[in-house]
Amino acid sequence: MADGSATRVQDFIGDPVSDKPAVPRAKLEQIFRDIQEDMRYDHELNGCLNCGICTATCPAAHYYDFSPREIVQLLWTENLEGIYDAMQEKIWSCAQCYTCAARCPFKNSPGGLVMLMREVAIKHQMQSAKDVLRPFSRVMLKLVSTGNQLAPDMINPSHFADWGPNISKVEAPLKVLRKAIPMATLNTTETAWEVNLKTSVELYTIWEMTGVLDQLEGIDENLFDVITDIMDEKRADWKDFLEEQEDNDD
Amino acid sequence: MTDPKTPGNGERFTGHGSEWTPANLSASDAQVATQWVEQRIDKRSMLTNKDRVEDVRDVMWQLEKEGQIKVHRIRDEHEPVEVKTLYGWTKRIPTNQLWHHKSCGQCGNIPGYPVSLLWLMNKMDIRYLDETDQTSCTAWNYHGSGIGNIESLAAVFLRNFHQAYVAAKAQGLPEGYYYPLVHCGTSFGNYKEVRGYLLHSAKLRESVTKILGKLGRLVDGKLLIPEEVVHYSEWVHVMRHRIRNMQTIDASGVRATIHPACHVYKMVPEDAIYDDSVLEGNRVAVSTGVIQALGANVIDYKTWYDCCGFGFRHIISEREFTRSFAIDRKIRVAVEEAKSDVMIGHDTGCITTLDKNQWISKAGGEGKAVELPVMADVQFAALVCGADPYKIVQTHWHASPIETLLEKLGIDWQAKKVEFEAYVKGLQSGSAAEQLYDPRLRLTSGPGFKPIKREVIPPPPSA
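Top line first, the protein sequences correspond to chains A and B.
Here the first sequence stands for residues 119 to 368, numbered as in our numbering.
Here the second sequence stands for residues 163 to 625, numbered as in our numbering.
Only chain A is shown next, with the shape it has when bound in the complex:
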């Protein structure tokens, strides 16, 4: 990797007149090893004849400089520089539809391989991953703190101007419209459904024990701070509830 004095372009492509590699070989090898060591790797990659069925049917290939065939080839041929390069931008084009996987005669899953590469991009705290994911932080905040990924209060005209004026065709405050849904769990605005306090607390344990919070901290420290505050608060509420129960039992 270029040192701190390098420009952003040099960070990506290195110095064209220097023999020094843009990214040290050891780092490229580590990144590839991390991808390859995932238990899913051998399931998702079985060989490739370059037939291109995956790319022919890929929605992202219609609109981006992205080809699932290329991703498979880079991994299959262990092209470490190419893999690193694809992880800067291309892997984020994939729409994760798995059409490629359904169609590949070799039973490869280019979409699945892209996920492994995305995870490793996050593990290595690549700046490109941070940039790409910044607009997605609302979803991550909602998910990690509540277990819901989308909530009614996220759908409003200011966030989705291109959806037009018909976000709701009946005029009333959101809270009232949600009350008019005849499922009691859905009478909420900040979460898609009412989430049991115990559920959230259990989910936090999963995040901690599986390293998800570490991923989040590496990619967006501010978001991590906000989320851990929410977690602390809910855990305190749960503790209070349990103590209250014990007092009642006594």
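Keep in mind the hints are simulated off the structure, nothing from the lab.
As the structure is a computational prediction, the values presented were derived from the model and not from experiment.
Each residue gets a CB set at the ideal place from its N, CA and C atoms; glycine is no exception.
Be aware that a few hints might be false.
Below, a list of computed lysine to any residue pairs in the SDA-like style, where the Cα atoms sit at most 20 Å apart [said to hold, decoys possible]:
id, chain 1, residue 1, chain 2, residue 2
1, A, K287, B, I522
2, A, K287, B, T566
3, B, K285, B, N407
Each pair of labels, with its calculated beta carbon distance range [unchecked claim]:
id, chain 1, residue 1, chain 2, residue 2, range
4, A, C169, B, F611, 53 to 59 Å
5, B, D382, A, E326, 21 to 27 Å
6, A, P275, B, D382, 48 to 54 Å
7, A, P275, B, R417, 29 to 35 Å
8, B, K524, A, E308, 28 to 34 Å
Chain A is fixed; fit chain B onto it per the hints.
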């Protein structure tokens, strides 16, 4: 060599090359050749023409036999119906005593989707539980961002399905009474994929056993794996004839296009339902089956196989892709080629994407705008069974012109909307809201929970 493109030289440009000559096959040989082509191309060979396909349930039963896992079984009391999947394997779909595993996108954005499902279940006296103790599958975020990993996805899957297994105890009923019914297509695909990895990897089982143990969510010290992962559209599919028996509105004048969801049938494709009586078994049967059973005309279109453009991350931060794909590859084709009156789907992200991304097509200039009502199969089914288009089907959350479909079905939506607006006004002034079930049942533990016997089932609100 002659130029095949030059007129007057006796050759036509066939694309086969100038050396091409007719085979002049006998009729029987031609039939053999045609059969080969049909088998390879017309049928679902793009999905089935592979080696190394295994039925992961064989692994599951073996692990249970060895005492390594516990299987949440579909029992007779769940009234299962058998269907055939891609390779002709049998899958059992439970139809009663169901635990609703909700979808965050449906509940947050298109609430008429789950409400229609519960409304139909009430009409059929299906016992179910809709409770607060569940997380989403977390897979939308995972596929969008890469935050998460196989362990976190597996732990979330096992936690939620364990809760489905024990939830009935809060009502004085035995464990395993309810069987989980997954609403979201992404959850359905993700859970099946994760189940496969769990069954194959002792290492993964070992690591998540520690997590589930800490949460107190093991059964006899073992991981609980569901016999089947079941999507709501599969329930709708096997119940389609019973739904048809409740139909009050004729749908024969409706031309419907189907958008099959990628994570429902392309992810773990061997588990998707195919039925020879539905488009000759060439397409995934869910949605098409019920729409045909209800008498509507299912119209094929050339981009049926394409995704919707949701893209997980794209619908939030690459919207140019999402809306371009939704408009040009799906909606425009359905409108201009299939002359469709409605596009029917069976997944959260697809319905959202296809429904919300039409208005922006006006930006294309005069004559470029396209509009098409978009809804889920179960919403359409509820509508033709007489469900209120606002109170139950909650069509006001849809951005697409649902009203044109309602008119086609002969539903006076303007009158219904006036009624609903009065109902909403009443709620604003403090009137009690109608509910599909006793709201107290939603709590099975934690703050506010009080045990309630399950026998208390209020009648559904009038349509």
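Hints, one by one, checked against the model:
no., hint, in the structure
1, A/K287 <-> B/I522, "17 Å, holds"
2, A/K287 <-> B/T566, "14 Å, holds"
3, B/K285 <-> B/N407, "11 Å, holds"
4, A/C169 <-> B/F611: 53 to 59 Å, "57 Å, holds"
5, B/D382 <-> A/E326: 21 to 27 Å, "26 Å, holds"
6, A/P275 <-> B/D382: 48 to 54 Å, "52 Å, holds"
7, A/P275 <-> B/R417: 29 to 35 Å, "32 Å, holds"
8, B/K524 <-> A/E308: 28 to 34 Å, "32 Å, holds"
When held up to the earlier numbered hints, the structure conflicts with none and fits them all.
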